[in-house]
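A.B. asks: Letter by letter, the chains look like this.
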Amino acid sequence: MAVITYRQALHDTLREEMLADEDVFLIGEEIGVFEGSYKITAGLLDEFGEKRVRDTPIAEEGFIGAAVGAAMQGLRPVAELMTINFSLIALDQIVNHAAKIYGMFGGQCSVPMVMRTPGGGGQQLGATHSQNIELYYAFVPGLKVVAPSTPADAKALLRASIADNDPVLFLENLALYNTKGEVPDTAEPAEIGKAAVTRPGSDITIIGYSRMATVAHQVAEKLQEEEGISAEVVDLRSLRPLDRETLVESVRRTNCAVIAEDDWLTYGIGAEIAASISDGAFDSLDAPVRRVAAAEVPLPYAKPLERAALPSAESLTTAVHETLDAVGRRR
Amino acid sequence: MTEIHMPRLSDTMEEGVIASWRKQVGEHINRGDVVAEIETDKAIMEMEAYDEGVLEKILIGEGQTAPIGTPIGLMGDGSGSAAAAEPAGNGSAQQAQPAQPESGQQEQAAAPAAPSAGQEAAAQKAAGTNSGDTARPKASPLAKAVAKDRGVDLTNVTGSGPNGRIIRADIDAAAVEQPAAPAAQASAPSAESPASGAPAASSAATGDDVEEIPLGNIRKVTARRLTESKQQAPHFYLTSAVDVTDLVAFRADLNERLQAAGGPKVSLNDLVVKAVATALRANPSLNVSFAGDKLLQHKRVHLGVAVAIDSGLVVPVIPDTDRKSVSEIAAEGREKAERARAGKLKPDEMTGSTFSVSNLGMFGIEEFTAVINPPEAGILAVGETKDEVQVRDGEFVARKMLRVTLSADHRAVDGAVGAVFLQQLTGLLEDPIRIIA
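Listed in order, the protein sequences are those of chains A and B.
Here numbering that gives the first Met the number 0 is used: position 229 in the first sequence is 228, and no number is missing along the way.
Here numbering that gives the first Met the number 0 is used: position 275 in the second sequence is 274, and no number is missing along the way.
Only chain B is shown next, with the shape it has when bound in the complex (with noise of 0.2 Å):
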């Protein structure tokens, strides 16, 4: 008997959704045969058997979802011997194994569940009209399917039906993760009228108002990851005014010479992206990842540019980004992006990052500040380049000019740090060449 399990198909993989079978149970597997198509937190991906024989049991069926490692079916000889072994062999393992996702999802029922504290206080405030059925709160069917649907635990939401009931708006404010708003909602009806009339008052700021739209697995991982980074990481926050008009006339007359040679052309952003390879790679103290109770000091320098998507915020990775071309940077970040728009990009080449570029100049941002991309150090928000007027030695000069932001962690990096690295990325970037040196 052999166990299949759940693949960890990328390095921010926790948990995968079999998003289908391929093979049927009684089903001969060779080696290398698709088995199941598995949803993973960026991509659908096709899990390979390793192993040959019949597939004789699915353990996990279709949508639903399973943490890494998890038998999710059983192969045997096809005398059922490996199904039938099951329980007594494996018994204690297959019976934890459903309670585990079930966790896993009371974990991201956490999260909504956490700011709505102010819901709590207003459904102690409705409790005078509510009777106080608390153990198990009236939620009308299509609520609860919602509810389990998105792991809202209804325990903490407040019902603005009748009599208390919850209905499905009220778990779609509770999915929103706005404590606020719902809390203002929920309060507003038992504050004011609490026998009828107040759904009245909590439809006019929900319901018709608002178009739901589930959240789509990037926009998820984009959400819990990004709000990881925010609460664990303390950012500080470096901006310099850099003075790109060399650059800027260096990429121009660049760009001339690639065209003549046949050769596609750079961006200033892919100039930006070399600079940073190369001033990370002077600078290793900020190539660096906080891990608990060490650093880890990474040896690469890996660049992710950050590419925003119809469903969330990708990040491709330039492996070894400070030991290529500035042509060859280009050319494949482009091709990249492109890929990471069509959602075609592999789980692989949006990880293992040890630093990442996120330029919003393109939208006329003139700086910003950018959430870490864990478990990176640092990131550097790049604004647009805009023609100013500078002071050079008493004297008002036109000057393009680019205001760059580092966002560090200082659980890893002190101030310095990124000071001397910005200080370094200020020197590549006004004296060009040196970029590509």
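So that you can see chain A by itself, here it is in the shape it has in the complex (with noise of 0.2 Å):
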């Protein structure tokens, strides 16, 4: 087993997933000469050539579209969308074409398609470069969302989302791409939309994706060597289908919550979890269901600033902490 970064997994992936089927195809603006603006892409070009690998030029909705299309003719098309925020461009093309298409027309075409693409802040790129605002396609009947935290996730769910007949949004994290962890080398395509408990506990559940999960993981960690708390870490990992039946299994496991993520807080991805927990685990919930978000503001530009706006460690210990005080549960 290897040890290897996100970005890595996600390039090796393309690589034996174009080896092994040659309907699998990428398109996207700087993938091939420029290599993808994250090197996702390296040495892909040169080795299957443009026919398979195809600059566009930057234009979303016309390439977007173009995969589409290509889709519903039987190719296996990957584009990358250079981050989730040019995505608004192509809205159109996925929320009203790729997402309707099968049902639309009777199930007469599929459209297996995978739209990669960064999301996220924290790297000082601005407001309009520096979004989390995946829950615009979570929300839409017809996509599938996926949210890898793990190099090892990233591998499994990329094979399974370009296996997969529906199109699905890929989404990846700038923070993420140079995190390192093992990858198995014969990596099975995991089951979308299932979740995954990353970290078994008794006290609190963190529930987190992307991310926030990588985070969540990290403060239970801490939490357990220095204050003893046991906290269970939920890593959604697909946004939809959302697998509910975890979650809320883990609730009343543990009888409270806390979740953690990077977009903003009112009706976001979150609310929707509460929710769930909601309707799954009343019974056995004995505090509130506590999210830790984004600040509701445009990502600022300014690095203490943005680093302020973004859910922390610390944030999410914080409520971790205040969660537990309410049950009396705090060591």
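Some but not every residue of chain B turned toward chain A, in silico, with C-beta under 10 Å:
no.: 1; residue: SER139
no.: 2; residue: PRO140
no.: 3; residue: LEU141
no.: 4; residue: ALA142
no.: 5; residue: LYS143
no.: 6; residue: ALA144
no.: 7; residue: VAL145
no.: 8; residue: SER159
no.: 9; residue: GLY160
no.: 10; residue: PRO161
no.: 11; residue: ARG164
no.: 12; residue: ILE166
no.: 13; residue: ARG167
no.: 14; residue: ALA168
no.: 15; residue: ASP169
With a Cα cut of at most 25 Å, we get these calculated DMTMM-like pairs of lysine to aspartate or glutamate:
no.: 16; chain 1: B; residue 1: LYS323; chain 2: B; residue 2: GLU429
no.: 17; chain 1: B; residue 1: LYS137; chain 2: B; residue 2: ASP148
no.: 18; chain 1: A; residue 1: LYS221; chain 2: B; residue 2: GLU210
no.: 19; chain 1: B; residue 1: LYS385; chain 2: B; residue 2: GLU429
no.: 20; chain 1: B; residue 1: LYS147; chain 2: A; residue 2: GLU248
no.: 21; chain 1: B; residue 1: LYS323; chain 2: B; residue 2: ASP245
no.: 22; chain 1: B; residue 1: LYS345; chain 2: B; residue 2: ASP321
no.: 23; chain 1: B; residue 1: LYS143; chain 2: A; residue 2: ASP278
no.: 24; chain 1: B; residue 1: LYS143; chain 2: A; residue 2: ASP282
no.: 25; chain 1: B; residue 1: LYS147; chain 2: B; residue 2: GLU61
no.: 26; chain 1: B; residue 1: LYS345; chain 2: B; residue 2: GLU334
no.: 27; chain 1: B; residue 1: LYS323; chain 2: B; residue 2: GLU334
no.: 28; chain 1: B; residue 1: LYS137; chain 2: A; residue 2: GLU321
no.: 29; chain 1: B; residue 1: LYS143; chain 2: A; residue 2: GLU244
no.: 30; chain 1: B; residue 1: LYS137; chain 2: A; residue 2: ASP278
no.: 31; chain 1: A; residue 1: LYS221; chain 2: B; residue 2: ASP208
no.: 32; chain 1: B; residue 1: LYS147; chain 2: A; residue 2: ASP324
no.: 33; chain 1: B; residue 1: LYS229; chain 2: B; residue 2: GLU366
no.: 34; chain 1: B; residue 1: LYS147; chain 2: B; residue 2: GLU227
no.: 35; chain 1: B; residue 1: LYS137; chain 2: A; residue 2: ASP324
no.: 36; chain 1: B; residue 1: LYS399; chain 2: B; residue 2: GLU365
no.: 37; chain 1: B; residue 1: LYS399; chain 2: B; residue 2: GLU383
no.: 38; chain 1: A; residue 1: LYS193; chain 2: A; residue 2: GLU248
no.: 39; chain 1: A; residue 1: LYS193; chain 2: A; residue 2: ASP11
no.: 40; chain 1: B; residue 1: LYS143; chain 2: A; residue 2: GLU248
Derived by calculation from the structure, the hints in this document are not laboratory data.
Note that beta-carbon positions come from the ideal geometry of N, C-alpha and C, so glycine has one too.
Relying on the hints, combine the two individually framed chains into one complex.
C.D. replies: The following block contains the structure:
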């Protein structure tokens, strides 16, 4: 089992899938000659040629539309949107076409495409380049939205996404690209729609996805080491379909929950999670479900302000403390 | 239409829990078929059908509790007429029946509620911060669920959570039935820091330092009955020091002979049990039960021999103890104690005793007082046999001494009765050949 970066896991998986299936091709801005804004597609143009690694003009609606068409014709495009912020340009193609074609045309054709895109802030890229707007897509029936937090999950979920016959928004995070982790050499595709209990615990459940799942894990380990608090961590991995069962089961065990999300609080993913917990584990709750999210502002450019606006290990720890205090379980 | 009633499966049973229905609605039932499994206060028992018919309706579902005699199901000819007739023909009974178990639960709830007077006082102290929303106590969903489960009345619980919310830890504290601890704990936050930081104070005392163990049925019954006993029966205690030097020697001799004859050995306690039974036979006025406006004089002597098991205390009964030989008592006692530990003792093997013996000598307890096992009028607590120096005719002599303490119900017997009994018992134990006479 090799220890590789999240970036490397994505690169390897794309390459392996292209080698395995000639119908898989890549499309997007600067993915060929420039080898991708984040170098995920490094070397692939040389290896597979222009037919399968297609550089496009800066025209998101155009190349996502092209990918939808190609997918309808039986190819398996993997489109790279430079950041999720630019996906807004292609919103109509994604929401009105990719998501709806299978249903609107009576299942005559499906749209087996993947839209890889990084999101998230913390890189001082300004308000329009630092958003977590995966919710917009998780809201839409017909789309699948996955958000791996580890290199192993990145590989397993990308394989599953490429194999999936529905359009999948594959959410990456700029802060995760250089994180390392063990990746099995023969990674099986993950089941899309399954959350993972990445750390079992008994005092509280922390739920996160993407970057905040890794922060949650770090916080849980620290709480255990320093305070003897046993926090269970649930990594959503998939925002649609959402694995409500795993969430609810966890909260039934621990009786309280904190949700950690990089997006904004109001109407955020955490709201959906909290509602699911309330629905499925109401009688098991000893305290209200709390959410830790980004400040409700366009993300500032200035580093200290940006840092203050994003949820952190500290803010998550505080929320866990406050919740445990509320149920008299703080050690 | 035939009603299936919650059966009375033991003397102490007041209500039963449907552990499982072994028959489904629509299924034909023959006489003698096992219809359901009923969890009593002592064991899970199979309930057999007395009638033949088709189970048409289940009135009390699995996991639910019903008092003895409550209809728990309806049998008919399979046409559904029983189920249909039930609201009209049996309406009032059915209406009353769901209410009954609830009132039963409330009675149980009264037990934890009663000692929480201290908590109420604490609640009133805290009222200044809690804006007095007493009609509908604030409680977390978990606290509500746990409280319902354990029959804890939320109005008697002080919340230590934010805004006075009752949290699970408060229910745990209330259910422990230790009035002092929860009261002190609940009042601490209100006294020190009403606004915030209070829950942390309470968490130090409960929560993580305490593991919650739900009461098993045996524990519940032990708790309830012994509380009743201590509250209702005015206990008095008489202790005798018995010189058992001869008894110990007698037992050794007896065991040698028994072994030579291929029989099993007897313990000192077996001899004591037999001696108690013999002394009771001679003192029938101690072999009684107090029954409100009368005494019940038991004509037979059935001794209960207390056995501690993991889930509580059980007292297997050796019927007609006075008529059995020591060897028979030894064999029967040992066999029943083993089954009691395995949870396989039948309820009727634990009921009907007229007097009990409890022996903690094997734990090195010199002497102790036992709580009467109602409705009996007495229990004998047997301590450890110890080598002691005694004065006999002005000389120091080494003797083996045993202390026995009689706890007696003063409503039923007086001190002199107990004293005469102990005198005779001591006589038997000090002249052991008479025990087997």
